[in-house]
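Here are the chains, one letter per residue:
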Amino acid sequence: MKGLKNGLMMLGVALMLALPGFAADRVTMKDGRVFVGDIVETTENYVRVKVTTGALVKELVFWMNEVASIERDIKTETRDSGQPSGPTPVGVTNVETIRGTRGSTIDASKHGVIVLPLSGMVGIEFRHQEIEAVGKEADRIKELTGISPIIVLDIESGGGLVIEMEKIHQTLVEIRKRHRVVAWIREAISAACATALHCHEIYFRTEGNAGAMTMFAGTRAVQGEELERWLRTAGDWAEYGGRSRYIAEAMIHEPKLLSYDKDPVTGEVTWYNDLSGEFVLSRAGENLSFTVSTALHSGFADGRADTEEELAKLLDLPAWHEVSDFGRRIHKEWNATIERARVEIPRLFGEYQIIQGSSVASNAQKIRQAITLVEELIRWWDRCPNVCEYEFGIPPKDVLERQLRELKKQLADLLAQERRGR
Amino acid sequence: MNRILSSGRWATVVGLGVVCSVLGAPQSQARVAWLQQDTEDVLYLNDGRVLRGRILSETRTDVRFEIHDRKTGLKSQMTIFRDQIVDIKRGVAVEGPAKPADAGAEGAAPAKAPEQNFDPSIPSIYVVPFKGEMATDIFIDVYQPIIDDIKKHNPTCIVFRLDSDSSEHKLNPNPRAIEDYLNFEEYRRLVHMFKDNFRDTRQVMWIAKSKGVSSIMALAWNEIYMEPNGVLDGLNIVHQVTAAWQDPDVRAKMQAAWAGIAKGFVEHGKHDLNLAHAMMFPNAKLSADFKGRNVVWKLDETGEVVVDTREDWTPTFMAEDARNLRISQETVEATGKDNLADLAFILGYREYRKCDGVAESTIEKYITAWRERFAQTEKLMLDIQDYRRWATGDDEVKYLGAEVSAIEKILAAMNQFKAIEREWERRGVSKLDLELRVRQIRERIREVNNQNRDRGRGTGGGGGGRGPGIPGGGG
Chain B
1 MKGLKNGLMM LGVALMLALP GFAADRVTMK DGRVFVGDIV ETTENYVRVK
51 VTTGALVKEL VFWMNEVASI ERDIKTETRD SGQPSGPTPV GVTNVETIRG
101 TRGSTIDASK HGVIVLPLSG MVGIEFRHQE IEAVGKEADR IKELTGISPI
151 IVLDIESGGG LVIEMEKIHQ TLVEIRKRHR VVAWIREAIS AACATALHCH
201 EIYFRTEGNA GAMTMFAGTR AVQGEELERW LRTAGDWAEY GGRSRYIAEA
251 MIHEPKLLSY DKDPVTGEVT WYNDLSGEFV LSRAGENLSF TVSTALHSGF
301 ADGRADTEEE LAKLLDLPAW HEVSDFGRRI HKEWNATIER ARVEIPRLFG
351 EYQIIQGSSV ASNAQKIRQA ITLVEELIRW WDRCPNVCEY EFGIPPKDVL
401 ERQLRELKKQ LADLLAQERR GR
Chain V
1 MNRILSSGRW ATVVGLGVVC SVLGAPQSQA RVAWLQQDTE DVLYLNDGRV
51 LRGRILSETR TDVRFEIHDR KTGLKSQMTI FRDQIVDIKR GVAVEGPAKP
101 ADAGAEGAAP AKAPEQNFDP SIPSIYVVPF KGEMATDIFI DVYQPIIDDI
151 KKHNPTCIVF RLDSDSSEHK LNPNPRAIED YLNFEEYRRL VHMFKDNFRD
201 TRQVMWIAKS KGVSSIMALA WNEIYMEPNG VLDGLNIVHQ VTAAWQDPDV
251 RAKMQAAWAG IAKGFVEHGK HDLNLAHAMM FPNAKLSADF KGRNVVWKLD
301 ETGEVVVDTR EDWTPTFMAE DARNLRISQE TVEATGKDNL ADLAFILGYR
351 EYRKCDGVAE STIEKYITAW RERFAQTEKL MLDIQDYRRW ATGDDEVKYL
401 GAEVSAIEKI LAAMNQFKAI EREWERRGVS KLDLELRVRQ IRERIREVNN
451 QNRDRGRGTG GGGGGRGPGI PGGGG
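Protein sequences, first through last, are from chains B and V. For what it's worth, the working numbering labels the leading residue of the first sequence as 1, then goes sequentially. For what it's worth, the working numbering labels the leading residue of the second sequence as 1, then goes sequentially.
I should point out that these hints are in silico values taken from the structure, not numbers from a laboratory. Just so it is clear, the structure is predicted and the values come from calculations on it, not from any experiment. There's no promise every hint is true.
As the list claims (entries may be wrong) - Computed beta-carbon distance windows for the label pairs:
id : chain 1 : residue 1 : chain 2 : residue 2 : range
1  : B       : E225      : V       : N415      : 46 to 56 Å
2  : V       : K431      : B       : P385      : 55 to 65 Å
3  : V       : R189      : B       : P318      : 49 to 59 Å
4  : B       : G267      : V       : R189      : 29 to 39 Å
5  : V       : K431      : B       : D274      : 45 to 55 Å
6  : V       : A369      : B       : P318      : 45 to 55 Å
7  : V       : R189      : B       : Y390      : 21 to 31 Å
8  : B       : S362      : V       : E435      : 16 to 26 Å
9  : V       : D386      : B       : Y390      : 32 to 42 Å
10 : V       : D312      : B       : G267      : 37 to 47 Å
11 : B       : A217      : V       : D289      : 42 to 52 Å
12 : V       : Q451      : B       : R329      : 50 to 60 Å
13 : B       : P385      : V       : D356      : 53 to 63 Å
As the list claims (entries may be wrong) - Lysine to aspartate or glutamate pairs mimicking DMTMM-like chemistry, simulated, CA-CA at most 20 Å apart:
id : chain 1 : residue 1 : chain 2 : residue 2
14 : V       : K285      : B       : E308
15 : B       : K366      : V       : D38
16 : V       : K431      : B       : D302
17 : V       : K195      : B       : E308
18 : V       : K195      : B       : E286
Backbone N, C-alpha and C define an ideal beta-carbon position, used for all residues, glycine too.
Between the sequences and the hints, there should be enough to build the whole structure, so can you do that?
Written out as structure tokens, the structure is:
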């Protein structure tokens with residue numbers, strides 16, 4: 001069968017070779033891949049080309065910074081895109097709808113985005129695991145289709161756990177190497193803002209606000225060496241994202257000042273960690289939080305978008321197109337798990353107290369109920385450890401497992417005693 | 001469709017003029033005099049409108065004008081900015097007869113009213129109330145059917161009638177409950193419900209009263225009008241929830257965070273952030289410079305108009321202040337059968353139709369229903385306290401059962417109205433607490449019955465269990 005298929009292909013090629021040559025466009029990539037077809041659209045940022053690979057016709061979009069050269073109307077003996085010298089993009093179907101990870105659907109018929117909503121508390125609902133998963137999904141899409149989707153982090157969060165921030169940092173540094181990552185902000189306070197700082201671009205909704213990155217525990221802000229370390233780290237992250245470290249500092253420590261000048265002709269912004277600039281953003285006693293107008297004017301934000309269509313324009317996409325719904329699905333699933341935990345765990349404890357305080361229940365019943373509770377809590381630890389630890393202060397899983405062993409022994413001893421008593 | 005002035009009102013004015021001319025009352029004569037003027041002032045606006053009436057006062061930036069619609073008899077005052085005016089003609093002879101036709105005079109020709117270049121179509125106005133306390137009376141879930149109704153009516157203009165005072169927290173005496181009103185995420189979604197669904201529909205905010213966090217809703221819309229006794233106040237709630245932090249960095253962070261969220265609403269309304277900031281923080285000063293029709297707000301005292309120099313106070317804007325400082329477009333009274341006559345006229349609708357929508361009745365019914373039901377739950381909570389005291393000895397099971405019954409009624413009320421659940425949570429009683437209490441009582445009843453069975457008696461003894469705390473006493 002394979003021999004027949006190859007034979008037919010060779011016949012097709014031979015027939016094509018017998019025909020007069022075609023005029024086509026050729027796009028040569030920096031990684032060596034060559035695509036022959038018809039250029040549909042070029043802008044300063046991307047080129048869209050319709051290519052034929054065997055019986056498949058599809059449109060591919062390439063960022064200009066990945067393109068080595070574009071040649072138009074070259075004489076070619078075949079309209080087939082041919083075999084690239086680099087990794088082969090695999091077009092699956094013309095409709096380009098394939099099953100993605102965990103039931104998501106991928107529609108790679110057009111260049112587009114993969115959206116990950118990030119809401120709730122950093123470290124609880126808002127985690128590095130989901131960001132990492134979306135990065136991997138984007139890798140998979142690129143491998144399957146040859147096109148890297150833009151990762152859109154749709155942020156609405158009041159911040160959260162500092163310990164999660166380091167994990168998010170490491171995750172984003174890795175993903176950024178492979179994909180374009182943008183933040184679309186409705187609310188990004190504290191650790192959520194620190195997340196946004198890592199992105200290639202930041203866009204604000206009209207009600208968007210971002211800042212207030214003071215680190216604190218209980219009622220006190222970190223001080224001394226810990227404060228200095230956080231100022232340095234956050235400043236590094238801001239610079240990594242292409243922004244002045246003074247911005248991060250003003251978001252952390254109230255004595256830090258921030259102002260800027262803006263060249264009226266070029267729009268270039270110069271930042272100062274004092275009040276010498278024409279536009280003052282943070283005075284002594286204040287902590288910096290951007291709204292959309294201050295973010296746009298200062299260049300902290302790259303644009304304003306309230307709708308997906310508006311964001312698509314800012315991303316230089318021809319239209320809003322979500323290549324995969326994976327990000328939205330995992331966000332929804334994870335948040336549903338959290339909501340269940342918040343209802344079920346307190347209910348478990350409540351029931352436990354009622355039974356333990358009852359004089360009707362036998363000792364064996366009480367121990368069985370305690371076993372059920374601990375087993376449930378262990379399951380919740382597996383599902384959402386951060387909720388267990390940070391929201392409910394439940395003992396660590398290994399402690400629970402030890403307790404479970406103890407309870408099972410107690411029950412066994414009790415039942416044995418009862419049997420002996422009969 | 002409503003005409004601005006009904007013929008009945010017209011007849012009254014004419015009749016009054018006739019009576020006053022007989023009795024010679026000078027005030028009444030003056031009232032009628034405008035009808036008999038043979039000259040008027042005319043403003044030609046750059047949007048094509050021609051307004052006829054009388055200039056009341058002028059400044060370098062605006063003209064206070066009384067519009068006379070001779071056809072309908074309506075007059076109304078409004079402020080027109082000079083950059084809207086192409087030309088002004090003063091003392092122009094009135095076209096056609098100066099007086100309207102006397103209803104009693106036979107053969108009198110009807111007055112030919114001079115043309116007004118108003119929108120010739122008949123616009124429709126849909127009124128949406130934002131009434132009562134935020135997060136309970138003004139509760140997002142209640143508005144979804146209203147959204148659907150607005151879509152059905154497809155009005156020209158949506159008027160949000162804001163009448164809210166969340167500053168005193170009448171239902172909840174606990175001052176810490178202030179924080180619970182800062183449910184900004186929910187308010188944001190409420191604003192978006194209207195802005196996203198009706199992007200191309202004119203939306204105006206008409207304030208009867210806005211005190212407390214509801215002012216954040218007011219500032220989410222750009223076109224604001226106020227009733228004569230209207231007030232805009234109360235954003236200092238942002239300061240109140242953050243001022244308690246002792247650590248200066250934490251306090252600054254919380255202020256920046258909450259203010260940033262609140263200012264997001266202000267950005268929607270395209271109002272000045274400095275104005276909002278001064279309304280939030282007492283230590284901020286406030287003054288204004290007038291540049292044409294624009295006002296530039298400053299957080300210091302250097303502006304032409306100084307509004308706030310104190311450091312222990314945030315500005316409150318009454319209707320006239322708001323108008324003079326261009327926070328609101330105009331001060332408008334609720335007039336006419338449907339309260340919209342003057343507002344419609346100011347909005348530029350010489351004729352208009354009020355949509356017969358469900359919003360007003362829905363909101364009224366909802367507020368009445370949930371508050372009545374809440375009052376019942378308050379009474380039930382007091383009853384529960386009594387039952388707990390009485391649940392001893394031979395009556396224990398009886399009063400434990402009564403407590404279960406009362407709790408189940410409260411739970412039913414919470415299930416019916418989220419506002420009730422929310423209000424009790426603010427008072428420290430959650431739905432879960434009540435559900436677990438029922439469970440605990442049932443366990444206790446089982447215990448008592450077992451004890452009675454063991455003793456071979458009909459009633460049991462022992463103390464009742466203590467449940468979650470309830471306001472005013474209890475366990």
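Here's how the hints hold up against the structure:
no., hint, verdict
1, E225/B <-> N415/V: 46 to 56 Å, "53 Å, holds"
2, K431/V <-> P385/B: 55 to 65 Å, "27 Å, violated"
3, R189/V <-> P318/B: 49 to 59 Å, "30 Å, violated"
4, G267/B <-> R189/V: 29 to 39 Å, "35 Å, holds"
5, K431/V <-> D274/B: 45 to 55 Å, "53 Å, holds"
6, A369/V <-> P318/B: 45 to 55 Å, "51 Å, holds"
7, R189/V <-> Y390/B: 21 to 31 Å, "26 Å, holds"
8, S362/B <-> E435/V: 16 to 26 Å, "25 Å, holds"
9, D386/V <-> Y390/B: 32 to 42 Å, "41 Å, holds"
10, D312/V <-> G267/B: 37 to 47 Å, "41 Å, holds"
11, A217/B <-> D289/V: 42 to 52 Å, "44 Å, holds"
12, Q451/V <-> R329/B: 50 to 60 Å, "54 Å, holds"
13, P385/B <-> D356/V: 53 to 63 Å, "56 Å, holds"
14, K285/V <-> E308/B, "39 Å, violated"
15, K366/B <-> D38/V, "97 Å, violated"
16, K431/V <-> D302/B, "45 Å, violated"
17, K195/V <-> E308/B, "15 Å, holds"
18, K195/V <-> E286/B, "32 Å, violated"
Going through the hint list in order, the structure does not satisfy hints 2, 3, 14, 15, 16 and 18.
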